[in-house]
Each structure stands twice: as structure tokens, then as C-alpha cells.
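Once you've looked at the hints, dock chain B against the given chain A.
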Amino acid sequence: MKTIRIYLLEMKYEFLKVVRTPAYAIPTIAFPAIFYIFFGITFGRHQQPHGGVTLAKYLLATYGTFGVLGASLFGFAVTIAMERGYGWMQVKRTSPMPIGAYFAAKMAIAVMFSAIVVAVLYVLGFTLGDVRMPVGAAISMFAILMSGAVTFSALGLAIGYFAGPTSAAPIVNLIFLPMSILSGLWIPIFALPKFIQNIALALPAFHLSQLALGTIGAASGGSRAVHVIALMVATAVFLALAYFGYRRDEGKMYG
Amino acid sequence: MKSTTLRNAVDDPAPAMLAGVSKSYGSTVALRDVSLTIEPGELVALLGPNGAGKTTAVKLLLGLLPPSSGTARVFGANPREAANRMRTGAMLQIARVPETLRVREHIDLFSSYYRTPMPYRDVIDAAGLRGVEERKFGDLSGGQRQRLLFALAICGNPDLLILDEPTVGLDIEARRGLWVQIRALLGRGKSVLLTTHYLEEADALANRVIVIDRGTIIAEGTPDQIKQRAAGKRIRCRTALSVDDVRAIPFVTTVDAEEDAVVIGTPASDIVIRELLARDPGLSDLEITSAGLEEAFLALTGSGR
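Heads up: the sequence lines are chains A and B, in that order.
Here the first sequence is numbered in the numbering used here, starting from 1 and rising by one per residue.
Here the second sequence is numbered in the numbering used here, starting from 1001 and rising by one per residue.
Only chain B is shown next, with the shape it has when bound in the complex:
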């Protein structure tokens, strides 16, 4: 049951909502009839390959672009309302910010825009910027730059945080560091929309994943649901059967031959295993695992073709 039905939609509007939104740039359709809602305290991951329409969705919710049709709402109102700007923090994919200002100065200036900013030390700690506060933006590493942009997104102490590919270009350690900080914000009751094409990231952070491809939402659910729905199980075994024999078994969706084993993808592992054993009683080293979100994602978007 969706929590939408439990919430009084008038008194307590959703932090962010797109309702039947389409967006075209000239003849290019970036989003096609997209509807999504972010509930209070929820972290929603908008997952999709490059060019899927994630950044367009973000810009609509930030009021940086107008929808071609449909409505974008933040706390029940136009995202461009001054009150919403106060309550929303954003991290965009941008090439450069003024490079001659120091970390401390950027945060000082940006905090001044907000009525109840987060205390400076909290921002520095939450963004993991301790020790580089006196450095100019131009002298920061890639990871530190992302963290400064994150600091600017949170410094106004917003209720809604919109993060467009926050960890793109970061190494795995820096990425995990930022995850810790994003989770900490959820702990403070913030609502977060995060776009990513890192499947692991959506799996690690999100309460709910919305998979988007070519401007259309193609799946929505918890990370577990997405995994189940799309790819089901992965079976690995040693068998005398040839790859073609295995492919002939009903419900087998993918077959990959490894050195001395085959890896089979299927949504119906029970049936496939029974059939495998029936056709090859000598089958050994049987292993069954849930497919990762990566496979789920590739299966859903067809990007693996």
C-alpha cells in the first residue's frame, strides 16, 4: 500500500512531485508522461543510463525548466516560489564554480541566502571538508569539489535535497564517504531525490528506486523488488550440456559460458534447476544467487544489448 493514501495531501503536500510531466527540447522528447512522488523522509533514486531524462526531471523540480505539459510541484507549490527555494537544496552537475573563492567563503556566502542556515561547522563536518576550508575551489581535487557542491546544497538546512549524480567521477572510497553523509541527512528527516547511473548507489541508499529510460519510467519499487522483478536469479553450475542445450530450456533468459561453468539468468530458477538436473544428472557445483541491481538495470533498460 502506498503511503500517499495515508497522508493528507492538502495539509501535508509531498516534498516533490511530477504529475504527468512531458518535456521536449525542440523535436527531442526528454521526458514522456512521467509521474513520481517523493514522500517526506524518503530517499528516492532515479536510476537510468546517460540521456534517460534524469537531469531534465531534476531541473523541472528545481524550477530551472518549465514542463512542456503536466505539473511539477515542490511542497505543493511551484518550485520557483521563494518559500520553496528556502526549503530546497540542490547539487547540480556543473563544470566550474568561481575558482578563486575559498571553501569557507563559498559556504559563508551561500549560507547567507537562507533564513535558518545550518551552522558552519556542521556543514563542514557533514560534507567532510575539514582541513580544506581555506583552499580555493580551483585547488581542490575532484572529490573535494563534489563535496563542496554538496555543502552548498545542504548549507541552507533544506527539507528537500535534490542531488543530480552526486558521486559521478568519484573514486569508490570518496563515493562511500558521500553515501555516509547522505544517509546521515536522511536520519535528520530530510527528503532526498538522487539521480544516478550507479546501480550500486541506488541499491545502497534508496528506499525506493525509479528506473527511467528514454524519458519514460519503466520500473518502480524497493531495490529488492526491482531486482526480483527484472532479472530474478542467477544460476551457476558445471554441466555436460552445451550452451545451446541450456538455452533451449524454458525460462532461461541468458546463458554465458565461463571457463568450466555456465551462468544462467532466469526469472524462474526452480523450474530451470529441475529441468537442468533432469537433462544432466551429473551436474555439479550448483550455485544460485540473486542478480545484482546491475543486471536488473541492464535487463530493464535493454542497455546490455
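Pulled out of the complex, with its shape left as it was, chain A reads as follows:
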């Protein structure tokens, strides 16, 4: 089918664009891995800070969240802000390209890079980090982390529609790094001061990491339903913002 071919080609070239941009591909994969080796494996291989779960195992979930957050935010926000800002989106809009193909391609790449990042962390954890967990738990953690790519991509999409081509990357960093720290992705949430734990409740990355930690029995309390609802609400808010930005962009509120 013609339409399917467009979606596949769009994905193929989105992929090529990304792998030919080492400034995106390398940090996206390397940063979580380096942090994890440093904090999770070097320091935390045998520490058992939380209910019999080693730090290496605990941080697998949180650096997994960190990796998915980075892959999704940078992949969406920066490329969309650039493609909008430099006029490329307008050229695409004059063509009969189904707009869904454009977003689906970016979504697929964000999920794919998220999967690579988490897979690298798994390999590091299971080999160097002496992490042991049931296959079922490993699979559910992986699936939960991938579902986070949807929420974070929606956030990246919204940023991409409001940021300029040169301001997108700094803006993403301003959101990415504080959100990671305040959500307990670098230092476990229970080790952070109480007021930060309260701030974390408002951050989608916290809720995703708690769902991922739940698969190894290391969540910090709060029901799963609350985390799921929080993520769904965040996704809806981000998508609404992105839609508003998209409409604003499309001929400054066409129609």
C-alpha cells in the first residue's frame, strides 16, 4: 500500500538522519550508560539500600527512565524546532505528505533509541553489575520504560512547537536535567530531602520510574494506579500543548 510505504520511508530517513547526527545519537546512548557504570556499578554493585534491592538493580530502573527521557526529548524537540524554524515543515506541508507519517516516524525513532539505551543498561547491569531479576520482571520493566517514550515524546513535541531552532536544545536541557534529578533518577528518591520528594510528585519522570521500580519491588509507595493516571494526564496536557503549537504554526491559526 502506498500510504504504508510513505510511513516506512519516512521512518527509514528519520533513522538515517538521526544516526548521521552523532551529536544526538552518541550522548543519548552514552550518557545514561556512563552514569550507570559510575553510580550504579562502581559504587552500588553490592550496596543494598532498599528492601534487598542492590543499588545497581535500583538504578537500572531510574537510569532507564533517564535514558528514555533523553532519547524522546532530544529526538522530538530539537528536530522539530529545527525543521519548523528553518522552513522545512512548510515545504512538507505544501506536499501531500500525510502529517501522521512525519510524527509516526519520529515516534518510532524515539522508541527505538529508548530501546537501545535500555538494552545497553541491561547488558551492563546483568554482566558488570551482578543484577539478577526474573525474566518476567525484566520484560515488564522494559515495556513500562518504552511506554514512557510516549509521554516524553509528547513533551518533546510540545517543546518543539514552541522553541526556536537554536533555543530548543538549551530549553530541553533546562527541563531534562532538573527533572531527572528531582524525580530521583540519579540519586534514589528516598535519599532526597522531603521537599524534593514532594516536587517529584508533579513530575512525569518520577511516576514512570516508580512504575519501573515496582517491577522489582523497589517502588517508594504510592499506588500504581496513581502513577498511571499521572502519566496519562501529563501525556494529555503535553499533546494538547503540542496541538496548540501546531495549529499556531499552521498559518498562525488557520481556520
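By construction, these hints were calculated from the structure, which means they are not laboratory data.
No experiment lies behind these values; they were computed from the predicted model shown.
Don't take each hint at face value.
[What the hints assert, rightly or not] On the chain B side, residues computed to face chain A include the following (Cβ under 8 Å):
(1) Leu-1064
(2) Ala-1082
(3) Met-1086
(4) Thr-1088
(5) Leu-1092
(6) Val-1097
(7) Pro-1098
(8) Thr-1100
(9) Leu-1101
(10) Arg-1104
(11) Ser-1112
(12) Tyr-1113
(13) Tyr-1114
(14) Leu-1152
(15) Asp-1171
[What the hints assert, rightly or not] Calculated pairs, BS3-like style, for lysine-lysine (alpha carbon to alpha carbon, straight line, at most 27 Å):
(16) A/Lys-92 to B/Lys-1136
(17) A/Lys-92 to A/Lys-17
(18) A/Lys-17 to A/Lys-2
(19) A/Lys-194 to A/Lys-92
(20) B/Lys-1136 to A/Lys-17
(21) A/Lys-2 to A/Lys-12
(22) B/Lys-1136 to A/Lys-12
(23) A/Lys-12 to A/Lys-92
Idealized CB from N, CA, C, for every residue including glycine.
Chain B only, in chain A's frame:
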């Protein structure tokens, strides 16, 4: 006689039309009550200085902007209709396209959007991209980048082609190369709207020129008509008369002193020459030429002030 009256407007709507279109951005008026039609197989040049409203007109016809009032129609329908997107190709002034994709890849992807794309080799030949197909956009020269954008505009084999300043920033050789390719498309029965501030370009390519300035159409006609209407003739001669004496002659619009001659612009050369000879029987080296479109354009828009 305008061909509009010959065409059955219902069965065969014009490829592109603006009817009484105004467009404002906040308090800035970009277009004021502009009406224009592009007939099938015609190349219309929208000529005007920077900021005249050319790009706004293009964006309205591409459905990238809504008019503040009036209507923009492509093949008789809203430019944003899916069917129109299939039949229209556009070349916009853009800063960058994804730089890490190769020429071949850009064309491959863009062609996939269209139901009956032009064969790949034809696109490469028509856009003069042979030999750089494996180069990434970021590694192309300015002229090659323009040609890739041109390739993307034509790869869907569109019936209507809208080119916004297609040769801006190109050297004269590259510009002429693109002209050849645009003419070739006209030969295939395409309709083309081209904006330019290169007067030579409008003169070389267009069947019809529409001159636009500060959002208003100020002249319309064949390149010849535009030239005649605006500036008429240019007279060059050696004379004993001073510049002020010459300026005093009726119908003289401009006088420029050169080393040993004066150059006179006038819409009524016969009268001016008779008068010149009457006042200076020793006048010599008389030369009369049509003013170029450049002068016509400056006279029409007043940009020469």
C-alpha cells in the same frame, strides 16, 4: 482580449487565482485587494522589490496562510485540499532542509508522497543534479541546494508550479541554467507562478508580468507592455545643451549626464527628439533604445528615488 473569457471557468478552473485578497499581519498590511489569475500553460512572474508582498501571495496560494479577506483558489478549490496538494509543487525560500540526507534520498522520500511522481532520472536531469546525487544536502553548494529544492518542487509531476524567488543567491550561470529547466517545464504544459526581484528573469521567462509594490498590483502585462508603459525610450546623444536645458523639454522624465553625452528617459521619444534638434542643431551621436525592464520596474515602483 483576456483568455479568461474564452475559457469555461466552471469546467476548467484556473490553476491559480487570488480574488480580492488582502492579508494583514497584525497592523501590517502585506497585501491589499490583490486579484490575479494564472491560466493553464502560462508562466506569470510576480515582480517586485523585497517586502512587496510576493512571498505572502505565494503562501496564500499554497494554503500556508489564510487570507484576511478575499479568496485564494487552486484549480477552483481551496489550496489546502488534498487533491490540490497532489497537483501543486512549490519551491519556497527556506534556510535549511535536513542536511544529513543525500540528494537521492530527499527525492526518493518526497516522490513517495505523490500518486504519479516523475521518474527519478527525469527529476535528476530536469533539476541538473546529475553527479551530486550521493551528496548530502549539507555538502551542496548554494546553487546545488536551490536545484534540489527545485527537484522537490517538480518530483510529484505537478500541474501547477509555484516558485518563490527560485534563483535568489545564484550566480548568473546557475540562474540561466535554472531558466532553461523552467522553460522546459512550460514546454510540458505546466503552469508556473514565479516570484522574482530580478527584472531580467521576469523578462526572460514570463508570458505575463505582474508588478507588485507595497502589497498592491501596480502594473500587469507582457514584458514588452510593461516596458513600454513605464519608461518608454531612452535617448542618448551629444549635445551642447546643459542638463538643465534638457530637463526643461516637455516629456523628459530623467536626465543623466555621462562623460560626453546625456541620457534622457521619456515616454514620448518622438516629441523630445524633435525638440532637442530644434534647440541644438549640432546634436550628434543620437541613439534611441527601449528602456530595459529594470528601468520600467524602478519607474513603476518608485524604488529608484
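Checked hints:
A least Cβ separation of about 6 Å between B/Leu-1064 and chain A falls short of the 8 Å threshold, and the interface hint therefore holds. With its C-beta approaching chain A no nearer than about 6 Å, B/Ala-1082 sits inside the 8 Å limit, and its interface hint holds. A distance limit of 8 Å between C-beta atoms decides the matter here; for B/Met-1086 the minimum to chain A is near 5 Å, and the interface restraint holds. Taking 8 Å as the C-beta contact cut-off toward chain A, the hint placing B/Thr-1088 at the interface holds, the least distance being around 7 Å.
At about 6 Å, the closest approach between the beta carbon of B/Leu-1092 and any beta carbon in chain A falls short of 8 Å, and the interface hint on this residue holds. Nearest Cβ of chain A to the Cβ of B/Val-1097: about 5 Å, under the 8 Å cut. The hint holds. The criterion of a C-beta within 8 Å of any C-beta in chain A is met by B/Pro-1098, whose closest approach is roughly 5 Å, and the hint holds. Interface restraint check: B/Thr-1100 against chain A, minimum CB-CB distance 4 Å, threshold 8 Å, status holds.
Interface restraint check for B/Leu-1101: the shortest CB-CB distance to chain A comes to about 6 Å, inside 8 Å, so the restraint holds. The interface hint given for B/Arg-1104 is broken, as the beta carbon of that residue sits about 11 Å from the closest beta carbon of chain A, more than 8 Å. Checking B/Ser-1112 against chain A by beta carbon gives a least distance of about 5 Å; that is within 8 Å, so the hint holds. Hint status for B/Tyr-1113: holds, given a least beta-carbon distance of 5 Å to chain A, under 8 Å.
At its closest, the beta carbon of B/Tyr-1114 sits 6 Å from a beta carbon of chain A; the interface hint therefore holds under the 8 Å criterion. The closest approach between the C-beta of B/Leu-1152 and any C-beta of chain A is roughly 7 Å, which is under the 8 Å cut-off, so the hint is satisfied. Interface restraint check: B/Asp-1171 against chain A, minimum CB-CB distance 23 Å, threshold 8 Å, status violated. With a C-alpha separation of about 19 Å, the suggested pairing of A/Lys-92 with B/Lys-1136 holds against the 27 Å cut-off.
Under the criterion of a C-alpha separation no larger than 27 Å, the hint pairing A/Lys-92 with A/Lys-17 is consistent with the structure, at around 16 Å. Distance hint between A/Lys-17 and A/Lys-2 is fulfilled; the C-alpha atoms sit about 22 Å from each other, no more than 27 Å. At most 27 Å may separate the alpha-carbon atoms for a hinted pair to count; A/Lys-194 and A/Lys-92 exceed this at roughly 48 Å. With a CA separation close to 11 Å, the supplied pair B/Lys-1136 and A/Lys-17 stays within the 27 Å bound.
Between A/Lys-2 and A/Lys-12, the direct Cα distance comes to roughly 15 Å. Compliance with the 27 Å bound is thereby established for this hinted pair. The suggested pairing of B/Lys-1136 with A/Lys-12 holds, with an alpha-carbon distance near 16 Å, which does not exceed 27 Å. In summary, the hint linking A/Lys-12 to A/Lys-92 is supported, as the alpha carbons are separated by about 17 Å, within the 27 Å threshold.
Going through the hint list in order, the structure does not satisfy hints 10, 15, 19.
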